[in-house]
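If you're matching them up, the sequences are chains U and R in order. Oh and the first sequence: position 202 is 202 in the numbering used here, straight run, nothing missing. Oh and the second sequence: position 66 is 66 in the numbering used here, straight run, nothing missing.
Simulated from the structure, these hints should not be mistaken for lab results. All figures in this text were calculated on a predicted structure; none of them were measured in a lab. Careful, some of the hints might be misleading.
In silico BS3-like cross-links for lysine-lysine, where the CA-CA straight-line distance does not exceed 27 Å [as the list claims (entries may be wrong)]:
hint : chain 1 : residue 1 : chain 2 : residue 2
1    : U       : 166       : U       : 68
2    : R       : 70        : R       : 141
3    : R       : 61        : U       : 187
4    : U       : 279       : R       : 279
5    : R       : 70        : U       : 279
Residue strings, one per chain:
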Amino acid sequence: MRARYPDREGYVERNGVRTSYAIYGDGTPTVLFLPAWAIGHSRFWKGQIPYFARHYRVITFDPRGNGKSGRPLDHAAYADTEYVADALAVMDATQTDRAVMVGFSRGAWLAAMLAARYPDRVLGTVMAGSSSPLGEILPERTVHSFDDPLETEEGWAKYNRHYLRKDYRGFLEFFYSKVFTEPHSTKQIEDGISWGLETTPEVLIATHDSHDFSERLKERRDEALAFYRSIRCPLLIIHGDQDAVVSYTRGVAIAEATRTPLITIAGGGHHNFGRDPVKTNLLLREFIDRICPQSNV
Amino acid sequence: MSNEVRWTRAMSRPKRAIFVSSSIGLGHIQRDLAIARELRTLVPDLQIDWWAQHPVTTVLKAAGETIHPKNHLQALESAHWEEESSQHELHAFYAFRRMDEIFVANFMLFNEVVQETPYDIWIGDESWEVDYFLHENPELKSAPYVFLTDVIGFLPVDPEGDPRDVALCADYNAEMIEQRARYPRLRDLSLYIGEYDELPDVRFGPGLPNIRDWARDWFTPVGYVLPFDPLEYRDPQGLRARLGYGTGYPLLFAAVGGTGVGRSLLERVVDGYALLREKMPDARLVMVTGPRIEPQDLPDVPGLEKRAYVHNLFEHLACADAAIVQSGLSTTMELVATRRPFAYVPLRKHWEQQNYVTYRLRQYGARNRLEYAELTPRRVAETLAELVGSPVTYREVPRDSARRAALQIAGLLSGTTQHSDAMMRRPVDTTIRTR
């Protein structure tokens, strides 16, 4: 069973797509734990929810594509702007004027967009294992096409629309072995696979390449730098130096661009909040109490 | 004054311990109370705050103990186990494995509590979350720390069975072995509730050390801790009179512990008892169903008395002519200590009952293990008939184990604990990599 169940659940609906949210606790400020990708859902934050709900007000939501949220199949429904709009809709529906945004992987990119474009809604932004137009892509992820049939099924060749349809579970097993590269991560990997199985390969295929804005910025470094430098709120940037999904160089580059100290989890993989929940929880707690001194009285 | 921050000067502080008692199984709290009683005789000015959960807290309250005020904020382990065991079988390893988020939540809370109060010592009886996350975050240890356990490592229920079980148990064990090797001084004391020869004489898993050998390097044994003095329970006839059972007929007991999993076992025992009555018409059976099985849900048979709860069950077991029980550690060891003939039935998917309890009982000379799959009513009847009046040759359960544990802990508190031989003999680098 879970360590903590929601105090209240609800959903918002935009253009026929439902986004389900959950609220835990009633402290100050509100901490919004963002979804990462449709491969998982709000249970990614199971190591955080009970702890932060005791001190603050925690909101999570399932991304379109997984959990209790809708599963549209057209690319456009998974654009970055749709996720941003979902997050804002959840904030509106829960009477949340401002929140600390916490994201990892693609969720960290979502947090950055919220911070850059909606500064009035954001108290602070936490980016862990962040996807980003800055920094480098992992070399092994540049080899294979997503769309073309491939000769091989080794490694990242599994991240391919044909392979996803052929052996979805095999893809999930591979992917989560890359998310959690730390030894003795069997439970985290198993959890990830089970959440991945709550959606379909067709949904993941629909999410591919639709994060339009970030794709565009990859070609325009100056714009990407300007984008990050426009963020005015306090930042907490965490990246594992053994991240095998999103290159550590991305975290380094975001930290440089925003002139924020980088917290490196040495030996850490992609989902530090999942694999090292105690350390990351303490880092996040310290960050929130620093930027919101009135909190947690 | 709600916003007061208080810091007490070191020399003005009372001597304080926080005692973490696992809520998985009610057996721990009885031995922890026994250890605490002994510890207080050695360190009379020691204050103990208990860190435990319902239903253990009810036992502590009845004993007049102090429970930490933030105790109730813990995520409930016992509720988790109730949910897990409400299914037909309790697969204890997976139930434990699925506690991961409860362990994180409860460790975060424990960490807050020990930062607020500078305890002189942390004592944890199977404090799994504290132990695991301290090894993952060793910089958070800020007091001497004692870990106690009656089980070391996970073993698959069937070593020839599901390869996933085998691999996962080995992975958990390898992680523990690596953590201990890397941070040997994280635990100031590792106390094993038993003697080394009560541990399974098998490996932790493929390529891993033998459990007994490893325990010799990493644990100090204190003997099996009983919550009572067995010498006070060696007069079954007198006890029967005191408890109102009377004498002159075979008195039998059946018990299955606190989960609902034992229902099918009890049903078979009822049928077996009905058969037994044909040969032994004056035999009476007292069946203790536990809180999760309604006595009226079991069949009625002449001579059968069904009770949901019996206070101080060990006193009643101590006057049994024969008993048949699920092999929970406390109940079976109480039968050994009071020298009653009994047979035990391990839960089919319970790694601890299948392995550790069985090894320990064999070591004490209690060998009447029955497999659930073979437990026909006829088998039950035959077993009970054989047990009644049969002599027992069990090894004596030590009476001084709580004292031995308390002496170790008191030594740590007073700074007199010497490096044990075991510590000096440890291999320098026993790191074992499994992937």
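Cross-check of the supplied hints:
| no. | hint | verdict |
| --- | --- | --- |
| 1 | 166(U) - 68(U) | holds, 25 Å |
| 2 | 70(R) - 141(R) | holds, 19 Å |
| 3 | 61(R) - 187(U) | violated, 36 Å |
| 4 | 279(U) - 279(R) | violated, 66 Å |
| 5 | 70(R) - 279(U) | holds, 22 Å |
Hints 3, 4 from the earlier list are contradicted by this structure; the remaining hints agree with it.
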